[in-house]
Every structure is written in C-alpha cells, then in structure tokens.
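Residue numbers (this note's numbering), protein chains in the order written: chain A, 1 to 285; chain B, 1 to 285; chain C, 1 to 285; chain D, 1 to 285; chain E, 1 to 285; chain F, 1 to 285.
Rather than coming from a laboratory, the hints here were simulated on the basis of the structure.
Since the structure is predicted, the reported quantities are computational estimates derived from the model, not experimental observations.
Hints should not be assumed to be uniformly reliable.
[What the hints assert, rightly or not] Each pair of labels, with its calculated beta carbon distance range: (1) Gly260(B) to Asn219(A): 46 to 56 Å; (2) Thr174(B) to Ala75(C): 30 to 40 Å; (3) Gly260(B) to Gly177(C): 22 to 32 Å.
Note that CB positions come from ideal geometry on N, CA and C, so glycine has one too.
Letter by letter, the chains look like this.
6 protein chains.
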Amino acid sequence: MQSGVQPPIGAVRAAVARALDEDLTPLGDITSALLPPGVVGDADFVVRTAGVLAGVSCATEAFAQVDSTVVIDWAATDGDDVDAKQVIGHVSGPLASILTSERTALNFLGHLSGIATFTHELVVATGGRARIWDTRKTTPGLRTLEKAAVRAGGGANHRGNLSDWILLKDNHLTVLGIEEAVRLARTRWPARTVHVECDSLDQVEEALRAGADALLLDNMTPDEVRSAVALANDTDERRPLLEVSGGITRETVRAYAQTGADCISVGAVTNSAPVLDIGLDIEVS
Amino acid sequence: MQSGVQPPIGAVRAAVARALDEDLTPLGDITSALLPPGVVGDADFVVRTAGVLAGVSCATEAFAQVDSTVVIDWAATDGDDVDAKQVIGHVSGPLASILTSERTALNFLGHLSGIATFTHELVVATGGRARIWDTRKTTPGLRTLEKAAVRAGGGANHRGNLSDWILLKDNHLTVLGIEEAVRLARTRWPARTVHVECDSLDQVEEALRAGADALLLDNMTPDEVRSAVALANDTDERRPLLEVSGGITRETVRAYAQTGADCISVGAVTNSAPVLDIGLDIEVS
Amino acid sequence: MQSGVQPPIGAVRAAVARALDEDLTPLGDITSALLPPGVVGDADFVVRTAGVLAGVSCATEAFAQVDSTVVIDWAATDGDDVDAKQVIGHVSGPLASILTSERTALNFLGHLSGIATFTHELVVATGGRARIWDTRKTTPGLRTLEKAAVRAGGGANHRGNLSDWILLKDNHLTVLGIEEAVRLARTRWPARTVHVECDSLDQVEEALRAGADALLLDNMTPDEVRSAVALANDTDERRPLLEVSGGITRETVRAYAQTGADCISVGAVTNSAPVLDIGLDIEVS
Amino acid sequence: MQSGVQPPIGAVRAAVARALDEDLTPLGDITSALLPPGVVGDADFVVRTAGVLAGVSCATEAFAQVDSTVVIDWAATDGDDVDAKQVIGHVSGPLASILTSERTALNFLGHLSGIATFTHELVVATGGRARIWDTRKTTPGLRTLEKAAVRAGGGANHRGNLSDWILLKDNHLTVLGIEEAVRLARTRWPARTVHVECDSLDQVEEALRAGADALLLDNMTPDEVRSAVALANDTDERRPLLEVSGGITRETVRAYAQTGADCISVGAVTNSAPVLDIGLDIEVS
Amino acid sequence: MQSGVQPPIGAVRAAVARALDEDLTPLGDITSALLPPGVVGDADFVVRTAGVLAGVSCATEAFAQVDSTVVIDWAATDGDDVDAKQVIGHVSGPLASILTSERTALNFLGHLSGIATFTHELVVATGGRARIWDTRKTTPGLRTLEKAAVRAGGGANHRGNLSDWILLKDNHLTVLGIEEAVRLARTRWPARTVHVECDSLDQVEEALRAGADALLLDNMTPDEVRSAVALANDTDERRPLLEVSGGITRETVRAYAQTGADCISVGAVTNSAPVLDIGLDIEVS
Amino acid sequence: MQSGVQPPIGAVRAAVARALDEDLTPLGDITSALLPPGVVGDADFVVRTAGVLAGVSCATEAFAQVDSTVVIDWAATDGDDVDAKQVIGHVSGPLASILTSERTALNFLGHLSGIATFTHELVVATGGRARIWDTRKTTPGLRTLEKAAVRAGGGANHRGNLSDWILLKDNHLTVLGIEEAVRLARTRWPARTVHVECDSLDQVEEALRAGADALLLDNMTPDEVRSAVALANDTDERRPLLEVSGGITRETVRAYAQTGADCISVGAVTNSAPVLDIGLDIEVS
C-alpha cells in the first residue's frame with residue numbers, strides 16, 4: 001500500500017452514519033431482531049473476483065457504529081491487490097450486529113474497491129507512461145471517499161472541486177480569450193494551477209504562449225496529442241503538464257499513454273466502475 | 001412516464017445540497033468567478049447515448065440552489081426513453097451560475113439515468129415474463145434516489161431497507177429453522193411480508209409448508225428454478241411470490257424470466273450501472 | 001424482556017444529541033457550574049408508579065454524551081415490568097455531570113416508558129386474543145424510538161412509514177376502486193403487503209375478492225367486526241389479517257379483542273400516553 | 001390570539017423536515033404513487049373535540065415542503081378556542097401531495113394543540129389567580145414548539161433550558177447552602193433570575209433572607225404554600241415570585257391557585273397531554 | 001481557574017467537526033500524506049504572548065477527532081494566566097496526524113484565548129469595581145464557545161440570546177412606553193429578568209418607577225452614569241442592576257468602573273479581540 | 001465591486017441558519033413578542049466608521065430566513081468602500097421581524113466587513129507592489145465567508161484548506177528533504193502547486209533547484225527577502241511565486257512590499273480584524 005490513500009476519517013464517519021440510517025430507519029433490522037440474544041458469529045470478508053481493495057476504514061466504521069463490541073481484524077488494506085477467494089478480514093461478535101452491519105460495510109467496500117480496481121486496470125494499461133487521473137464526475141455525496149479509492153488504485157486526483165484550481169473551459173474562453181483568461185487567473189488567484197482546455201493545436205500554441213501550468217487536450221486523437229506534445233516540448237516557457245481526456249477507455253488508454261502526455265483523465269473510473277464483488281461468509285458459533 | 005417514479009423532494013434537496021457543498025467549498029467556482037458580471041448563457045441538455053432518463057428533479061434542484069434566477073424547461077422526464085442527440089431540456093440564465101451547477105446536475109442525471117437505463121435493458125430482456133427487482137446493494141447515501149431511478153427504468157423496488165419486511169437468510173435459518181423463523185416473524189411483525197431464502201428444493205418445500213409470502217431462490221440454475229416454480233404452483237397454501245437472485249446478468253436474465261419466477265433481483269442495476277452519457281451544450285449569449 | 005425491542009443506536013445517538021443541545025445551548029448548565037469541582041454523587045433511578053420500562057439506551061447515552069466518566073448500572077431493561085419504588089439503575093460520577101444529564105435522561109425514560117406502559121395495559125386488556133398495533137400517529141422526530149417502546153410494551157409495529165407497505169384508504173379507493181387499486185399495488189410493488197381500508201361489509205367482500213393481505217376495519221362496532229371476521233373466515237383466498245381501528249380505548253379494547261380480529265390499532269399509545277413517572281434520587285457523596 | 005405565541009420559523013422548518021423524512025424514507029408514499037397524475041383534491045381541517053389550537057405554522061410547513069403548489073387557508077390560528085366540528089382550515093392541490101403530507105401535518109397539530117388545550121384547562125381552573133407554568137419536562141427534540149404551544153394555551157414559559165437562569169435545587173443546596181449559593185449565583189451570573197427550591201418553611205425563610213428572585217415551593221400542601229406566601233409577603237426585601245410544583249393535577253390546581261402563589265408549574269402539560277383530535281376531511285375533485 | 005468555564009462538550013464536538021471538515025474536504029491533508037507511515041512526533045503548545053488561556057477542550061477534541069491515538073497532556077487549562085514562552089501542553093503521536101490537526105487546534109485556542117485575554121485586560125482595568133459583561137455581538141456559529149471564553153477571562157455572560165430575558169430597547173419602548181412594556185413583560189414572562197435601555201435620566205427615573213430588574217445606560221458619559229447610579233440608589237424599589245454600554249474601550253473602562261455601575265458591557269471582547277498567539281513546536285522523533 | 005467576491009450561497013444559507021438558531025432557541029425573541037401585531041418599521045443600515053463592505057448576502061439571508069415579507073434594498077455591495085454615516089441599505093417590514101434579525105445580520109456584516117477593511121488597509125499599504133494573501137488562520141466554521149471577505153477587501157486567497165495544494169513546511173522537510181519532497185509531491189499530485197517553506201537562503205537555493213512553484217519565505221527581514229528575490233530572479237527554472245510571511249503588520253507591510261516578493265500573507269486579516277462598526281437605525285412607522 002502506498003501511504004496517503006485513506007480518506008479523512010470525518011468524511012468516513014458521516015458517510016457511514018448516513019448509510020446506516022438509510023438501512024435501519026425506522027424499525028431497525030427486523031429480521032435479525034428475531035434471533036435470540038446471545039448468539040454470536042464469526043465471519044470472513046472474502047473476495048469473489050480479483051481486484052484492488054479500498055474502503056476498509058468505511059467497513060470498520062460500519063460495524064463500530066452498530067456495535068462497539070464487534071471485533072474486526074484486517075489482513076489487507078486499501079491499495080492492496082486481492083485475489084479471488086482471498087480472505088481479507090475477519091469479524092466476530094453478536095450475530096445480529098454482524099448481520100445488521102453487513103450490507104452497509106459491503107456496499108462501501110464493493111463500490112470503492114470497484115473504483116480502485118478499474119483505476120488500477122487503466123494504470124496497468126498505461127505501462128507506466130502516463131498517470132491516470134480522476135475527474136469531478138463522482139457520485140454525489142461520496143467524492144472524498146471515491147477520490148481516495150482512485151489513489152488506492154494507483155491513480156492520481158485531478159481537481160477536488162471547483163475551488164481547487166483554475167480550469168478554463170471552452171465557455172470561459174469564449175468570453176475571455178485564452179491570454180486574458182490566464183492573466184486574470186494569475187492575478188486573482190496567485191500560485192494556483194492555471195489549466196486551459198485546448199480543442200485544437202492553435203489553442204495549444206496560444207495556451208503555451210500564455211504560460212498555462214497545464215493543458216487539457218480534449219477529444220484529440222493520439223496523433224493530435226503527439227503534435228501537441230511536440231509543441232509543448234518546444235516551448236521556451238516551462239513545459240506545462242499535458243492532460244488528455246474525452247471518452248478514453250480500457251481499449252484506447254494505451255495508445256494515449258504512448259503519446260508523451262502526462263495524465264489521462266477518465267470520468268468512468270468514478271462514475272461507471274462496476275462493483276468489486278466482495279462477500280461476507282458468516283458462520284454461527 | 002409511469003406515475004410514482006419521482007423520489008421524495010426532501011431527499012432530493014438534501015442530496016443536492018451535499019453535492020454542491022462538495023464541489024464549491026471553500027472558495028466557490030473560482031474559474032467562473034473570473035467572468036465579468038452580466039454574461040448570460042443558454043444551454044441544452046443533450047443525450048449522447050440512448051437510454052432511459054432519471055434524475056430530472058435533482059438537476060432542477062441543483063440549478064435552483066445555486067441561483068434561483070436560472071430558468072429550466074424540460075422536454076422529457078424521469079422514465080422517458082431518450083435517444084442519442086435528443087435535447088431533453090433547456091437552461092438559461094447567468095453564465096457563471098450555469099457553469100457552477102453544470103457538473104452537479106450532470107452527475108445526478110448521468111448516475112440515475114444510468115441506473116434507469118440498465119434496469120430497462122433487463123426489463124426488456126425479460127420479455128415481460130418477470131419483474132426486475134433492485135436490492136439493498138445501493139450506493140451509500142443515495143438509496144432513495146437510486147430506487148426511484150429503478151422505477152423510472154421499469155423495474156420494481158425490493159425491500160427499501162432492513163426495516164421494511166422480513167427476509168430470512170441462511171444465517172437466520174441456521175439459528176431458527178424455517179418453520180420457527182416464519183412463525184416468529186408472523187407473531188412479532190403482523191401483516192409484514194415474510195420472505196425466505198431457499199438454497200435447495202428441500203428448503204422450498206419447507207418454506208411452502210411454513211406459508212412464506214415470498215421465496216428467494218438463490219443461486220439456482222434455470223432448471224432448478226423451474227422445479228421450484230412447479231412445487232410452488234402445487235401448494236395448497238397461497239402460492240408465494242418467487243424471486244430468483246444470484247449473479248444474474250444481461251446474458252442470463254432471459255433464461256430466468258422464462259422459468260415462471262415472478263421477480264429477478266439484480267444488485268448490479270444499482271451498484272454497477274455505467275453512467276448514461278448526458279451533456280450540457282452551452283452557448284454564450 | 002423480549003429480544004428486538006431496542007431501537008437502532010444511531011437513532012438514539014442523534015435524538016439524545018438534539019435533546020442535550022436543546023437543554024444546554026448556549027451557556028450550559030449554569031446552576032451546576034456553581035458547584036466546586038471534584039464533588040461527586042451517586043443516584044438511583046427510582047420508579048414512582050408501576051409500569052413497563054423503555055428508553056434505557058437513551059438514558060445511558062445522555063450521560064455518556066455529557067461526561068464519559070459517569071458510570072451507569074442498570075438493574076432492569078426495556079420491556080421489563082417495574083414497580084413503584086423499584087430501583088432500576090444506579091449512576092455515579094461527578095455531581096455536576098449527573099445534574100446536567102438528569103432531565104434529558106428522565107425525559108426519554110418517562111416518555112418512552114409511558115408509551116410502553118400504555119401499550120402494555122391494552123395488551124393485557126386483550127387477554128391475548130388480539131395484537132395491539134401502533135400507528136403513524138407518533139411524535140414528530142421520535143418515531144423510531146416510540147415504535148421501539150411499543151414493542152417493549154408488548155405491542156407490535158404497524159407500518160413504519162408511508163414507504164413500508166400499501167395501505168389503500170378511502171380517498172385512494174374513491175379514485176381507483178378496490179379491485180383496480182389492489183391490482184395496481186401488486187403490479188407496482190411486488191411482495192409488499194397490500195392493505196385495504198373497509199368502512200362497510202360490502203367493501204370487506206370486495207377486498208376479499210381482490211385478495212388483499214390485510215383489511216383495516218375502520219370505525220365498526222364489535223358486531224360489525226364479527227360479521228367481517230365471518231366473511232373473511234369464509235373466503236376461498238388466504239384469510240387476510242384483520243385490523244380494527246377507530247377511537248378504540250382502554251374501555252372498549254376488550255370487546256374488540258373478542259371479535260376474532262387479529263390486530264387492534266390505537267393511535268393513542270404513541271400520541272396520548274402520559275409519561276411514566278421515574279425519578280433520579282441523587283445523593284451527594 | 002395573543003401575540004408572540006408562534007415558535008421561531010427556523011425550528012418549525014427543521015422539525016417538519018425531520019418528520020417528513022421519517023415518514024417518506026426511503027421510497028416515498030408508495031400508496032399515493034398509485035394515483036394517476038392530475039387528480040386534485042380539497043380538504044378541510046376539522047376539529048373533532050373542542051380545545052385550543054396550536055401548530056398551525058407546522059402544518060403549513062408540512063404541505064409546503066412536500067409540494068409548493070398546495071394552497072392552505074386557515075380560518076383559525078394558534079391560541080384560538082376551537083369547537084368540535086369546526087372547520088379551521090382548507091387545503092387544495094394535487095391529491096397525492098395532500099395525502100402524503102396529511103399525517104405529518106396532523107401529528108404536529110394534534111400534539112401541539114393537545115398541549116395548548118391541556119394548558120388552557122389548567123389556566124381556566126386557576127380562575128385567573130395564578131399563572132400556569134410549563135417545565136423542562138418536554139418531549140425530546142420538540143421543546144421550542146411545545147413551549148410555544150403552552151403560550152398558545154395561555155400558559156407561561158418557565159426556564160427554556162439549563163442555561164436560562166439559576167435554579168438551585170436540593171442537591172445544589174446540599175453542597176453550597178442557600179445563602180452561599182445565591183451569593184455565588186449573583187456574582188457569577190449578574191442580572192439573571194436566581195430561583196431557589198424550598199422544601200420547608202425554614203428554607204423559605206432562608207431563601208427570603210438571601211434575596212432570591214423566585215422560590216420553588218416543592219411538594220407542599222396548599223396550607224403550607226399559604227404559610228410560605230405569608231412569609232414572603234412579610235419580607236423587607238422585594239417579594240420574590242412564588243412557584244408551586246409537585247404533582248399538581250386538574251383536580252388540585254384550583255386549591256393551589258387560591259393560596260396567593262404566583263405560578264403553578266405542571267410538567268404534565270408538555271409530557272402527558274393527550275392529543276387534540278383534529279382530522280382532515282378530503283374530497284376528491 | 002474558576003469552575004464552570006468550560007463550554008458544553010456537545011457544542012465543542014460539533015464546532016470541531018465543522019472546522020476539520022472545512023480544512024480536510026475533499027482530499028485530506030495532501031502534504032502530510034507524503035510522509036512515510038510510522039513517523040511519529042512530539043510537540044509543545046507554546047504561548048508566544050502572555051494572556052489568558054481558553055479553548056483547551058476544543059484543541060483536545062481536534063486531535064481526538066483526527067486520530068484517537070494522539071496523546072495530549074495539558075499543563076494549563078481554560079482561565080489560566082499564561083506567559084510568553086510557557087509550554088501549556090504536550091502532544092505526541094503520528095506526525096501526520098499532529099500536522100493535520102495543528103491548525104484547527106490552534107485556530108480554536110488562539111481565537112478563544114484572544115477573547116479571554118481581552119476580557120481579562122478589561123477586568124483588570126476595572127480594579128474590581130464592576131463586572132465586564134459580554135454581548136450578543138459574537139461570531140456567528142461560535143456563541144457558546146465565545147461566551148465560555150469570556151468566563152475564562154473573568155468576565156460574565158450577558159444574555160445568551162434573544163430568548164434568555166427581556167431587554168427592552170428604544171424601538172420596543174417607542175411602541176409600548178416603559179411602564180406598559182415592563183408590565184407586559186412581567187405578565188407574559190414571569191420570573192425573567194426585565195431589563196430596560198435608558199438613554200436619559202428621565203428614562204432612568206421612569207424605569208425605576210416601573211420596577212425594572214436591570215437598566216442599560218446607553219452611551220452616557222461617566223458623569224451621567226454617576227447621576228443614574230444616584231437615582232437608582234435612592235429608589236424605594238429594589239435597586240436594579242446597572243449596566244453601562246456604548247463604545248467603551250480599554251482606555252475608558254476604568255472611568256466607567258468608578259461610577260458605581262455594576263456591569264460594563266463591551267461587544268469588542270467577542271467581535272474584535274485579536275487572536276492570542278499560541279504555536280505548536282513540533283519535533284520529529 | 002470586483003466580480004467573484006460573493007461566497008457560495010449554500011455556505012451563506014447554512015451559516016445564517018446556524019446563527020439564527022443560536023439567537024432564537026428555545027423561545028424566540030421574547031422581547032419583540034411583546035409588540036402588538038401589525039407594527040411595521042423602516043430601517044437604514046448605516047456605517048459608523050469608514051471601511052470596505054462585505055457580508056451583504058449574509059445580511060439579506062438573515063432577514064429572509066426570519067420573515068420572507070421583509071424587503072431589503074442595498075445601496076452598496078461587497079467590496080465597496082463605504083464612509084462613516086453612509087446609508088448602505090434599507091429594510092422595511094414587520095418591526096418584530098426586523099428586530100429579531102437585526103443582531104444576526106449585523107454580526108455577519110460587521111465581522112466580514114472588518115476583515116475586508118483590514119485587508120484593504122494592507123492592500124493600500126503595499127502601494128500595489130505585492131498582493132495581500134490570507135491564510136488558514138480563519139475563524140472555525142466561517143472559512144468560506146471569511147475568504148470571500150478577503151477578496152472583497154482586495155486581497156487574494158491562499159490555500160483554501162489542506163487539500164488544495166502542497167505546502168511543505170519545516171516538519172515535512174525534516175523528514176523528506178526539499179528535493180525528495182518536491183519530487184514526491186509532483187508524482188503523487190500532478191498539476192498541483194508545490195510550495196516550499198524556506199527559513200534560510202540555503203533553503204531558497206535548494207527549493208529553486210527542486211523547481212518549486214512557490215516559496216514561503218518565513219520570518220525573514222526585508223533584506224533577507226530581497227536576497228531571496230535576487231536568487232529567484234536568477235534561476236534558470238521558471239521563477240517561482242515568492243510569499244513572505246511571519247508576523248507582518250500594518251507597520252511593516254510596506255517594507256516587505258518593496259522587496260520584490262509577490263505575496264504577503266497575514267493571518268491577522270482573518271483572525272484579528274476588529275469588527276467594522278455598522279448599525280441599523282430603525283424607525284417605527
């Protein structure tokens with residue numbers, strides 16, 4: 001595991017409380033309430049399909065919020081490669097508490113590990129020649145957790161939100177023009193990254209002249225990207241970071257990784273990753 | 001559109017406020033803040049890939065919470081089939097407000113329409129012979145909205161949460177046995193659906209004798225399901241609703257739909273649906 | 001105590017935090033702040049009038065949120081019959097913390113035990129011939145806790161909320177008719193209880209024909225209920241659960257319990273139960 | 001209506017949002033969702049039993065939060081005497097919205113009007129010779145609304161919470177003594193009411209000498225109260241306000257009102273008031 | 001330290017959670033995430049400028065919410081005089097956790113100690129002849145904590161909020177007149193402090209006749225205050241508490257303290273106190 | 001007014017709701033409740049001391065949340081220079097609503113305008129030769145609003161929070177070294193600003209070699225800063241932004257502005273700005 005992948009614990013606490021509330025209001029787990037008191041259980045978190053793990057702190061928190069006597073031991077953590085059938089953690093405690101928390105814990109684990117896994121597949125596909133970047137196309141309410149999952153998968157985080165840095169898109173540029181927009185951004189927001197969307201090589205040249213910190217090469221072919229890279233490498237200014245984006249998939253990512261661009265951003269890692277199948281095999285003691 | 005697909009507006013308000021807060025804290029949209037005041041814009045919501053729409057009330061709310069002077073007119077609503085390139089709505093107002101709300105609105109629309117679309121594909125695949133049912137495998141914090149999106153896609157909602165009805169799973173049954181579990185459930189929770197997971201035909205027979213309202217036929221082959229259906233049709237008691245579940249996919253759903261089972265539950269519709277690609281084409285006035 | 005009566009702990013935490021905030025904002029307990037530091041106390045929770053206990057987890061939480069060094073030992077728990085003068089728990093710790101938490105703890109205990117006690121009186125009055133059912137006539141913001149208190153009193157929980165099951169009332173039926181309403185409900189919401197309000201024996205017959213899961217016999221005399229029971233017992237379909245409701249009181253509940261109806265719902269158990277008088281006898285050490 | 005009885009609107013908004021969330025999560029009103037779109041209705045709020053109205057702003061807010069197109073006209077307001085069969089308000093709008101909001105609106109109206117009505121009965125019983133005072137024995141989470149309902153019923157509000165003023169109870173006095181406690185309170189909390197609990201006439205004399213602003217005469221007989229009143233009327237200091245408390249009921253309140261005491265506090269008005277029966281008679285257009 | 005200065009812990013928890021959320025959303029402390037796991041640190045809270053300490057419970061809570069393994073030992077507490085270079089507390093634990101919490105802890109400590117320090121300067125300036133009183137001019141969202149800081153500085157708390165007691169200001173008096181306003185206040189709000197703003201000696205006489213509990217002598221010169229004091233000392237009624245207010249500063253406070261007035265209220269202690277400079281000197285182990 | 005100074009409206013709504021709740025719980029404005037219904041008023045926001053305005057949207061929101069019938073017209077807005085005695089806005093509506101909202105509105109206006117004013121003084125003192133930058137030394141819970149107020153005063157916003165960009169401080173550098181720290185930051189967080197604290201000219205040289213985007217020159221004299229500027233101007237890499245910080249005051253800011261540094265960060269603008277005195281002159285109609 002690389003360090004720094006865990007999400008802030010305050011975000012974990014709030015998200016888990018919200019999820020448990022969804023699942024338990026208004027009457028609680030009315031099925032497990034049928035169990036006689038005192039029945040305890042043991043359970044293994046078992047991976048069904050290989051992938052990359054994320055969401056461990058959420059799963060821990062789900063059990064802790066339901067019943068602080070439940071004990072969890074993890075054998076793997078966020079960012080680890082996990083194999084099918086691998087036991088990644090063990091839970092023991094009152095059976096009713098385990099059953100009540102199970103789905104919430106698994107929903108977090110599955111969703112976030114799904115994101116880590118998809119990210120990692122793209123990372124592998126790049127052959128180390130470019131970074132995989134996420135986007136602001138996250139699931140509403142889960143951005144903090146999803147961006148941590150991207151890091152767990154070996155990806156990097158693009159802007160966290162609209163207040164992070166300046167990203168001048170086509171509509172901003174229509175109003176302001178690239179040169180004026182970059183100048184304004186530098187003046188109003190000193191030291192912040194100024195990032196410019198370029199839909200053509202002309203715009204690339206203009207953005208290079210304006211001294212942008214990063215260029216977003218949108219919807220270009222690999223060859224167009226290569227031309228943009230050449231222009232950027234030639235600049236007298238500091239070579240900006242080059243991002244490519246626009247419908248890039250598992251199939252096309254390698255081609256873009258070989259262009260010399262630095263980052264490939266893929267909205268799908270957060271908004272279209274299928275869940276990683278992880279289950280909880282419970283045994284009644 | 002069928003009626004009753006809209007989620008409760010209180011859930012919409014809270015989810016949108018949370019999403020905007022994620023995107024705008026702490027400094028707001030620092031790029032759009034560069035625009036001169038008074039610039040207005042017009043924009044079309046345009047579908048990029050055909051599918052089923054959901055999340056319209058969330059998108060409306062996103063613009064309303066950012067700037068109440070933005071005007072939206074929708075040409076389609078939740079549950080509608082939408083085609084690639086179809087304009088489904090129009091927005092006009094201050095350009096900065098449109099740009100600030102855009103991603104939040106699209107994240108809801110894309111995520112929820114993705115669920116509606118995936119659901120609808122499965123619904124179509126059943127040929128009308130069985131209902132597609134969602135599960136509790138929802139994205140944490142978004143269950144209310146996602147279950148509404150399933151309805152928009154023509155699916156039906158299984159349990160809303162653990163407090164909705166009794167679903168006796170393998171671990172409950174290990175402790176209590178089917179007969180005693182059903183008896184206890186009827187006593188403690190009068191009038192609530194009592195649903196029993198069955199992993200074998202023996203359990204199906206036992207659950208039928210116990211008078212369960214619904215049977216969850218878990219991880220059975222279509223032929224096993226057919227045998228279970230035959231047993232259920234033969235019962236002297238009221239024939240219970242028959243649900244099949246367990247890794248059912250776009251490919252296998254039709255085979256299950258032809259078994260005579262009533263409902264096919266698929267966790268993937270809420271936890272693995274790719275986003276439906278919807279964009280906002282903005283024009284500066 | 002029967003199992004399953006405790007409310008979800010997340011609901012307890014939130015309700016207690018809200019109540020303490022009501023009592024301590026903005027300056028805290030300004031009287032207890034006059035006490036010198038280091039004064040400790042011991043206190044007994046003492047029942048003033050016999051009844052049934054509920055709300056123990058709320059009282060525990062109230063002390064814990066104010067001062068985690070306060071120690072509580074309970075000698076009784078939710079669902080227990082308690083007698084006048086019975087000591088049901090003991091608290092020890094800093095006197096100021098005990099005094100600061102006292103009223104909040106007692107407000108929960110008294111309110112919820114009042115509900116459990118009233119429920120239990122009705123349960124006893126039925127002589128075991130029918131179940132006492134609560135309603136959605138709960139105190140705003142406390143439904144989860146109040147429904148748990150009803151269970152503690154030996155009652156059962158009707159719908160938790162409007163999303164739990166289908167209850168077709170007179171206005172719905174005016175628009176749709178019983179047969180069509182039941183059919184629609186079955187189609188749209190598979191496996192959910194379909195419950196039909198009947199104000200006359202004609203409606204009872206119609207609802208039986210429609211195959212409703214439960215009938216709400218509203219504002220009928222015991223004799224009318226008996227006729228409805230006879231009709232239901234005669235049905236070729238599965239005999240639905242029969243609920244009677246409408247202004248039933250301590251005085252009239254027995255007569256209805258002898259009709260053969262299954263459940264008697266009484267809004268008063270949650271919206272008109274007087275508090276159970278429980279006090280905290282504190283001794284300064 | 002006297003002025004000043006309405007609760008702060010912020011408290012109303014939050015309490016109503018919480019109550020609607022309780023009733024509509026996670027799937028909304030699944031019964032009303034069966035209605036065809038476009039059906040509208042008209043409804044009258046009708047009082048079933050005479051009493052005093054409270055909670056009108058909550059009922060208004062419940063409809064507004066569900067559907068801003070619903071129109072409400074009130075013919076009565078908080079603090080008004082209302083008779084059985086009196087129509088106190090009219091609602092019109094989409095039938096589904098009316099049905100969805102109905103129970104929440106009625107729960108507030110019934111609960112708060114119940115408090116106003118009970119308060120008013122006690123006020124009438126005093127014959128105007130003493131004020132009826134509420135206590136901190138309120139329903140957790142609803143203190144602001146319940147204290148407003150007490151005002152609507154003609155009662156007055158005692159301390160709003162532990163931070164409002166100094167109320168030295170037996171345990172505080174055991175540690176500090178009356179004289180020292182009053183002195184400390186005056187020093188630490190200038191200008192705040194200093195209120196002393198007295199369980200005996202000796203304590204009354206001591207509290208009078210200490211210059212307390214108010215005395216709480218706890219669990220005294222009317223004759224003992226009369227003696228305390230005589231002592232207080234005789235003081236050279238400003239005569240403090242005299243409160244009587246301790247299990248005072250509808251039956252005994254008049255006797256206490258005739259003692260010369262100023263305020264009679266009754267916890268039951270907020271924690272044991274039965275609901276006032278108010279219904280919504282709906283007609284489908 | 002005097003007792004009773006700590007704010008309610010619930011308010012501390014909520015304010016700290018909000019502050020951490022401000023500082024860590026959406027990606028956490030991305031700089032400290034670069035540190036290798038396992039690096040631990042030790043740190044001293046060191047006062048840079050002498051003053052009075054406040055906010056210790058907030059600082060403790062900030063570390064606890066980020067990482068429960070961080071250990072803090074305090075050598076001083078709220079209300080203590082602290083000197084430049086004094087070490088007031090020690091923190092040890094994972095370096096990344098210390099760095100992540102540092103600014104939030106210091107922001108609370110600095111802001112609240114700034115208020116305590118400013119308050120204390122004014123308290124000292126009065127020479128013990130009058131109390132320093134705060135106002136409702138607090139920083140939005142922090143009233144509970146700021147009022148506790150005023151107590152830590154030796155000041156006293158005026159009204160906590162608009163619901164605490166009656167303060168009749170010029171506009172209220174324009175409508176009602178002093179006599180009628182005091183009468184109404186006494187009737188509607190028994191036992192509550194009735195406080196009257198007086199802008200002239202005529203109004204002082206009128207308020208004395210009306211029997212107000214406290215007078216706010218607004219914007220008077222010390223000599224005018226002395227005249228008001230003389231009038232009050234002469235009254236046949238109980239001498240009310242006398243407050244002076246209106247732009248009183250470090251320079252003028254002594255003159256007012258010598259007038260015989262009881263309390264001097266200064267909005268600046270909460271809305272204009274500069275931060276007390278406290279730092280955290282961290283050493284990597 | 002420059003554009004882009006308004007804070008996100010969602011943050012305004014939440015902060016105002018919190019502030020009103022502080023001031024009105026649990027009983028509301030009990031003084032204004034004494035006024036007869038129907039009394040209306042007119043009021044002018046009047047500046048008492050010249051400065052720069054901020055917080056207008058908060059003041060508007062305070063009145064709107066209390067009473068939507070109150071009408072406000074502003075004659076000035078955030079970022080405007082305002083003079084003593086200048087009328088900056090007018091309010092009219094029910095007198096009680098105006099009085100209830102007054103203090104909350106003024107607390108926001110005064111606090112935020114105080115920040116804008118202090119910022120502006122420093123901006124003027126620089127003579128346009130350097131930007132004034134805020135810090136993370138903000139009042140807990142108000143960062144979004146305070147950073148907007150800094151913009152209103154003509155200052156610029158440094159990092160919004162710990163997740164915005166990389167700022168390597170002494171403790172990070174002790175562990176990692178400058179070169180390695182910058183390298184790691186570039187790898188893990190592509191395109192984000194990498195900012196390095198330098199306490200000596202040796203560190204400046206090292207940071208220049210490492211290619212940092214910005215240098216924080218901490219606690220240097222103006223002459224030391226000048227030497228650092230010279231080194232930076234000489235670099236072959238892109239000249240980084242140069243920030244000076246460390247106890248810079250109104251008195252010393254000009255000297256630093258003349259060194260050639262780009263930004264001067266001053267924690268005091270947000271944590272030690274005295275309030276700008278703005279009042280509300282109310283007239284009863």
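Results of checking the hints against the structure:
1. Gly260(B) to Asn219(A): 46 to 56 Å: Given about 49 Å between the Cβ atoms, the range holds.
2. Thr174(B) to Ala75(C): 30 to 40 Å: About 34 Å separates the Cβ atoms of Thr174(B) and Ala75(C), which means 30 to 40 Å holds.
3. Gly260(B) to Gly177(C): 22 to 32 Å: holds (29 Å)
Checked against the numbered hints listed earlier, the structure breaks none of them; every hint is satisfied.
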